[in-house]
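Protein chains in written order, with my numbering: chain A, 1 to 304; chain B, 1 to 369.
It should be emphasised that the hints constitute simulated quantities derived from the structure, not laboratory data. Here the structure is a predicted model, which is why all the values come from computation and not from measurement. Cβ atoms here follow ideal geometry from the backbone N, Cα and C, with glycine treated the same way. Do not rely on the hints blindly, as some may be mistaken.
Taking lysine to any residue and the SDA-like style, the derived pairs with C-alpha atoms no more than 25 angstroms apart in a straight line are [as the list claims (entries may be wrong)]:
{"no.": "1", "chain 1": "B", "residue 1": "Lys366", "chain 2": "A", "residue 2": "Ser300"}
{"no.": "2", "chain 1": "B", "residue 1": "Lys184", "chain 2": "A", "residue 2": "Gln268"}
{"no.": "3", "chain 1": "B", "residue 1": "Lys366", "chain 2": "A", "residue 2": "Phe154"}
{"no.": "4", "chain 1": "B", "residue 1": "Lys291", "chain 2": "A", "residue 2": "Lys185"}
{"no.": "5", "chain 1": "B", "residue 1": "Lys193", "chain 2": "B", "residue 2": "Phe289"}
{"no.": "6", "chain 1": "B", "residue 1": "Lys291", "chain 2": "A", "residue 2": "Asp85"}
{"no.": "7", "chain 1": "B", "residue 1": "Lys136", "chain 2": "A", "residue 2": "Lys185"}
{"no.": "8", "chain 1": "A", "residue 1": "Lys238", "chain 2": "B", "residue 2": "Leu332"}
{"no.": "9", "chain 1": "B", "residue 1": "Lys291", "chain 2": "A", "residue 2": "Ile106"}
{"no.": "10", "chain 1": "B", "residue 1": "Lys136", "chain 2": "A", "residue 2": "Ala178"}
{"no.": "11", "chain 1": "B", "residue 1": "Lys291", "chain 2": "A", "residue 2": "Gln268"}
{"no.": "12", "chain 1": "B", "residue 1": "Lys136", "chain 2": "A", "residue 2": "Val295"}
{"no.": "13", "chain 1": "B", "residue 1": "Lys193", "chain 2": "B", "residue 2": "Val203"}
{"no.": "14", "chain 1": "A", "residue 1": "Lys185", "chain 2": "B", "residue 2": "Lys254"}
{"no.": "15", "chain 1": "B", "residue 1": "Lys136", "chain 2": "B", "residue 2": "Lys291"}
{"no.": "16", "chain 1": "B", "residue 1": "Lys136", "chain 2": "A", "residue 2": "Leu277"}
{"no.": "17", "chain 1": "A", "residue 1": "Lys238", "chain 2": "A", "residue 2": "Ala178"}
{"no.": "18", "chain 1": "B", "residue 1": "Lys136", "chain 2": "B", "residue 2": "Leu260"}
{"no.": "19", "chain 1": "B", "residue 1": "Lys193", "chain 2": "B", "residue 2": "Lys136"}
{"no.": "20", "chain 1": "B", "residue 1": "Lys136", "chain 2": "B", "residue 2": "Lys254"}
{"no.": "21", "chain 1": "B", "residue 1": "Lys184", "chain 2": "B", "residue 2": "Ser251"}
{"no.": "22", "chain 1": "B", "residue 1": "Lys184", "chain 2": "B", "residue 2": "Ser154"}
{"no.": "23", "chain 1": "B", "residue 1": "Lys291", "chain 2": "A", "residue 2": "Val295"}
Computed far set for chain B versus chain A, every beta-carbon distance over 12 angstroms [to be verified]:
{"no.": "24", "residue": "Phe103"}
{"no.": "25", "residue": "Ile110"}
{"no.": "26", "residue": "Arg137"}
{"no.": "27", "residue": "Gly138"}
{"no.": "28", "residue": "His157"}
{"no.": "29", "residue": "Ala183"}
{"no.": "30", "residue": "Asn296"}
{"no.": "31", "residue": "Gln329"}
{"no.": "32", "residue": "Glu337"}
Facing chain B, according to a computed beta carbon distance under 7 angstroms, are these residues of chain A, among others [claimed, not checked]:
{"no.": "33", "residue": "Ala10"}
{"no.": "34", "residue": "Leu100"}
{"no.": "35", "residue": "Lys271"}
{"no.": "36", "residue": "Phe280"}
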Amino acid sequence: MDIMEMLASALRMTMPILITGIGAIYSERSGVTNIGLEGMMLTGAFWGAYGSLHGGPEVGVIWAIGMAMLMALVHAFVTVTYGVDQIVSGVAINILAYGLARFFSIALYGMATTSPHVESLPHIDIPVLANIEFFRPLAAGVSPIILLGLALVFVTYWVLERTVFGLRLKAVGENPLAADTLGVKVQWYRYGGVLISGAFAGLAGAYLAIEHTGMYVEGMTQGKGFIALAAMIFGNWKPFGTLTAAFLFGFAEAFSLRVVQNKIIPYQFIKMLPYLLTLFVLAGVVRKTQPPAAVGIPYSREEK
Amino acid sequence: MNKKTKILWLQILTPLAAVLFAMIVSSFLMLAIDKNPLEVYATMVEFSFSRMDSMAAILFNATPLIFSGLSVAVGFRLGLFNIGVEGQYFMGAFCAALVGFSFTNLPMFIHLPLAIVAAMAGGMLWSAIAIYLKLKRGVHEVISTIMLNYIAYSLIHYLVADVFMDQNQNIPEGLGSPLIRTAKIAESALMPKLHGLMGLFGVELPSYVYVNWFFLLAIALAVGIYYLIQRTPFGFEIRAVGQNPGAAEASGIKPAGVYLRGFLLSGAIAGLVGLSHLLCFYGFMDLDFPKSLGFNGIAVALMGNNNPLGIVLSALLFGFLSRGAEGIQTFLGVPMESVVIMQGIIILSVVVAANILGRYIRIWEKKEA
Numbered sequence: 001m002d003i004m005e006m007l008a009s010a011l012r013m014t015m016p017i018l019i020t021g022i023g024a025i026y027s028e029r030s031g032v033t034n035i036g037l038e039g040m041m042l043t044g045a046f047w048g049a050y051g052s053l054h055g056g057p058e059v060g061v062i063w064a065i066g067m068a069m070l071m072a073l074v075h076a077f078v079t080v081t082y083g084v085d086q087i088v089s090g091v092a093i094n095i096l097a098y099g100l101a102r103f104f105s106i107a108l109y110g111m112a113t114t115s116p117h118v119e120s121l122p123h124i125d126i127p128v129l130a131n132i133e134f135f136r137p138l139a140a141g142v143s144p145i146i147l148l149g150l151a152l153v154f155v156t157y158w159v160l161e162r163t164v165f166g167l168r169l170k171a172v173g174e175n176p177l178a179a180d181t182l183g184v185k186v187q188w189y190r191y192g193g194v195l196i197s198g199a200f201a202g203l204a205g206a207y208l209a210i211e212h213t214g215m216y217v218e219g220m221t222q223g224k225g226f227i228a229l230a231a232m233i234f235g236n237w238k239p240f241g242t243l244t245a246a247f248l249f250g251f252a253e254a255f256s257l258r259v260v261q262n263k264i265i266p267y268q269f270i271k272m273l274p275y276l277l278t279l280f281v282l283a284g285v286v287r288k289t290q291p292p293a294a295v296g297i298p299y300s301r302e303e304k
Numbered sequence: 001m002n003k004k005t006k007i008l009w010l011q012i013l014t015p016l017a018a019v020l021f022a023m024i025v026s027s028f029l030m031l032a033i034d035k036n037p038l039e040v041y042a043t044m045v046e047f048s049f050s051r052m053d054s055m056a057a058i059l060f061n062a063t064p065l066i067f068s069g070l071s072v073a074v075g076f077r078l079g080l081f082n083i084g085v086e087g088q089y090f091m092g093a094f095c096a097a098l099v100g101f102s103f104t105n106l107p108m109f110i111h112l113p114l115a116i117v118a119a120m121a122g123g124m125l126w127s128a129i130a131i132y133l134k135l136k137r138g139v140h141e142v143i144s145t146i147m148l149n150y151i152a153y154s155l156i157h158y159l160v161a162d163v164f165m166d167q168n169q170n171i172p173e174g175l176g177s178p179l180i181r182t183a184k185i186a187e188s189a190l191m192p193k194l195h196g197l198m199g200l201f202g203v204e205l206p207s208y209v210y211v212n213w214f215f216l217l218a219i220a221l222a223v224g225i226y227y228l229i230q231r232t233p234f235g236f237e238i239r240a241v242g243q244n245p246g247a248a249e250a251s252g253i254k255p256a257g258v259y260l261r262g263f264l265l266s267g268a269i270a271g272l273v274g275l276s277h278l279l280c281f282y283g284f285m286d287l288d289f290p291k292s293l294g295f296n297g298i299a300v301a302l303m304g305n306n307n308p309l310g311i312v313l314s315a316l317l318f319g320f321l322s323r324g325a326e327g328i329q330t331f332l333g334v335p336m337e338s339v340v341i342m343q344g345i346i347i348l349s350v351v352v353a354a355n356i357l358g359r360y361i362r363i364w365e366k367k368e369a
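Assemble the whole structure, with the sequences as input and the hints as a guide.
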């Protein structure tokens, strides 16, 4: 098989994991675990296809981001304002998103599982590279969301390391009490972190529906939200680490699609790979991880 | 009314208020598709309680949820979040199926209990990985169990499709292809339905309902867990560690040991979740084996305030909701999914309401002090 084609396929598989994983960094670094990302991605995929059907792919992307952020707002409201267990809320968001997608699919399309076919965004040829035969599979007809996703890795690195917002966001996730004493609005930053993670998950969903498949299909996220979370952990809560992990997982997926035909390794085992690797990393077999100190713990002024 | 009874009443009323709130929110969805919410709720109630088959279906729906609610609740009481019930019941169900179709000439009184024990062992084994990783390697159980759920899905997919797929299916010449499923479980490992017992009370159940003895087993287990947690030394340790591991340790309880035994217990109960479906309804394991029963158990446990009696009641409520969903889809053309949405909203509103109640009680106690 052609190595460039393989790489291009891996890159396409990487995208939803990468974008959602990068988004998860904002939420986790602010101290809020977001296992509702799976549901938010599904929401993005559904409304992305809907928007695309009625106003073109650009409108679809906006719908996807907006609706996923609405789900994120529920998560933020429940966990940040009311200090409810973040895992419970995430589980509820996932159930809710699944139910809503099916409900609206029936209400809008008359069937529970798919939307009509939708148009994709105009694809881009990368200058120079697209003209060299060897690089063509990778550089010609690239989805703009792929380029955006890669750019977001750099942007996120810059935001977290170089901006006031990023530094405060991290402070809130490490030691909310200290941040609060210094006048940083803890709740405000946590809302911000969760909403950004929702926006990213929505974009990833839009990518799946509009760019990857060309329609909404029930259950099309296939646990990618959880893999994204795994990629973020694997990447030690950092943007470039997450990129590496997401690409590793995307490559494994692209590879698994090819071995289905060869039957060398049962493809179910390749599907397990991201989860197994993440367990090994967490268990310290590969290296030590360092989660934000206050992640998962609700913060409330009155009880400190 | 004294303070304790007042708090008790508030604790009972809070989940009910949350259900009411979820109903109100869901009403907007029904209005959006031009259905009258009052008519929808009336149909749900009428369809569920006016027919014997619906009543039986509610009990059948509630059976796995009681097991998974209890499993999650044991974890919660320990202060651990077993989000891995999902994977544990898949492993448990597969182990039971393996025992069920591997032996063909065992008497029922050995074969069926053996299958049940195998299921508990399977669930326990899968939970053992998570608790080992937590105690020895410091991996948070939420993350490890999420990963283990997906590993279990894939592993079972592999075992059912590639290793144990039944090659001897009778397919009429030229018609269809073999189903991707295991061999059929021997008759001696199948759980009898409740028809005989109900017949003694003069209740005739239609043959197409599948409520079975696992329902009574679930009720018995709920009683057993209540007794275990409230009345035994181990139950005391679970409550002590769950409320304050530091204080428990200071008073001579080793939290690690309690975490280990408690989590394994949670896993063993989780192993039972899929059995009512497997050993009565399907009779084999296939790729469409019902998912999400573990996640719904989280909702059931929360709704029931982690109390075994509350869990039985909330499992019955969820059983009623999904039966009612079939009713409104058939008679009114309202998508069943409106009930899934309602479940999601119920979870969120229950936890928010519990949080508000908690604050209220604390402020109240401060005032009195």
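Checked hints:
Taken as a hint, the B/Lys366 and A/Ser300 pair is honoured in the structure, with Cα atoms around 17 angstroms apart against an allowance of 25 angstroms. Between the alpha carbons of B/Lys184 and A/Gln268 the distance comes to roughly 23 angstroms, so the proposed pair stays at or under 25 angstroms and holds. A hinted pair counts as satisfied when its Cα atoms are at most 25 angstroms apart, and B/Lys366 with A/Phe154 does not qualify at roughly 50 angstroms. With a C-alpha separation of about 41 angstroms, the suggested pair B/Lys291 and A/Lys185 falls outside the 25 angstroms cut-off, and the hint is violated.
Taking the CA atoms of B/Lys193 and B/Phe289, the gap is about 20 angstroms. The hint holds against a cut of 25 angstroms. A threshold of 25 angstroms between alpha carbons decides the hint, and for B/Lys291 with A/Asp85 the separation of about 23 angstroms falls inside it, so the pair holds. Proposed proximity of B/Lys136 and A/Lys185 is contradicted: the alpha carbons are some 37 angstroms apart, above 25 angstroms. Our distance criterion of 25 angstroms between C-alpha atoms is broken by A/Lys238 and B/Leu332, whose separation comes to about 51 angstroms.
About 21 angstroms separates the Cα atoms of B/Lys291 and A/Ile106, which keeps this hinted pair within 25 angstroms; it holds. Straight-line distance between C-alpha atoms of B/Lys136 and A/Ala178 comes to about 31 angstroms, which puts the hinted pair past the 25 angstroms bound. The straight-line distance between the Cα atoms of B/Lys291 and A/Gln268 is roughly 17 angstroms, inside the 25 angstroms bound, and the hint therefore holds. Straight-line distance between C-alpha atoms of B/Lys136 and A/Val295 comes to about 21 angstroms, which keeps the hinted pair within the 25 angstroms bound.
About 13 angstroms separates the Cα atoms of B/Lys193 and B/Val203, which keeps this hinted pair within 25 angstroms; it holds. At roughly 39 angstroms between alpha-carbon atoms, A/Lys185 and B/Lys254 are farther apart than 25 angstroms, so this suggested pair is violated. Between B/Lys136 and B/Lys291, the direct Cα distance comes to roughly 30 angstroms. Violation of the 25 angstroms bound is thereby established for this hinted pair. A hinted pair counts as satisfied when its Cα atoms are at most 25 angstroms apart, and B/Lys136 with A/Leu277 qualifies at roughly 18 angstroms.
Annotation: proposed proximity of A/Lys238 to A/Ala178 holds, straight-line Cα distance about 22 angstroms (limit 25 angstroms). For the suggested pair B/Lys136 and B/Leu260, the alpha carbons sit about 11 angstroms apart, so the restraint of at most 25 angstroms is met. For the suggested pair B/Lys193 and B/Lys136, the alpha carbons sit about 44 angstroms apart, so the restraint of at most 25 angstroms is broken. As the CA atoms of B/Lys136 and B/Lys254 are separated by approximately 15 angstroms, the hinted pair is consistent with the 25 angstroms bound.
For the given pair, B/Lys184 sits about 52 angstroms from B/Ser251 by alpha-carbon distance, which is inconsistent with the 25 angstroms threshold. Between the alpha carbons of B/Lys184 and B/Ser154 the distance comes to roughly 21 angstroms, so the proposed pair stays at or under 25 angstroms and holds. Between B/Lys291 and A/Val295, the direct Cα distance comes to roughly 29 angstroms. Violation of the 25 angstroms bound is thereby established for this hinted pair. Interface exclusion of B/Phe103 from chain A stands, the closest Cβ pair being 27 angstroms apart, more than 12 angstroms.
With a least beta-carbon separation of about 33 angstroms from chain A, B/Ile110 lies farther than 12 angstroms from that chain, consistent with its non-interface assignment. For B/Arg137, the shortest C-beta to C-beta distance to chain A comes to about 4 angstroms, within the 12 angstroms cut-off, and the non-interface label is violated. Here B/Gly138 does not stay apart from chain A, with its beta-carbon only about 8 angstroms from theirs, under the 12 angstroms limit. A Cβ of chain A approaches the Cβ of B/His157 within 12 angstroms, the least distance being about 5 angstroms, so the stated non-interface status is violated.
Every C-beta of chain A lies more than 12 angstroms from that of B/Ala183, the closest at about 20 angstroms, which supports listing it as non-interface. Against the 12 angstroms criterion, B/Asn296 falls within the reach of chain A, whose nearest CB is about 8 angstroms from its own CB. With a cut of 12 angstroms on Cβ distances, B/Gln329 falls inside the contact zone with chain A, its closest approach being about 10 angstroms. The Cβ of B/Glu337 sits about 4 angstroms from the closest Cβ of chain A, inside the 12 angstroms cut-off, so the non-interface label is violated.
A least Cβ separation of about 20 angstroms between A/Ala10 and chain B goes past the 7 angstroms threshold, and the interface hint is therefore violated. The interface hint given for A/Leu100 holds, since its Cβ lies 6 angstroms from the closest Cβ of chain B, which is under the 7 angstroms cut-off. Evaluation of the A/Lys271 hint against chain B yields a held restraint, the C-beta minimum of about 5 angstroms falling below 7 angstroms. Hint status for A/Phe280: violated, given a least beta-carbon distance of 10 angstroms to chain B, over 7 angstroms.
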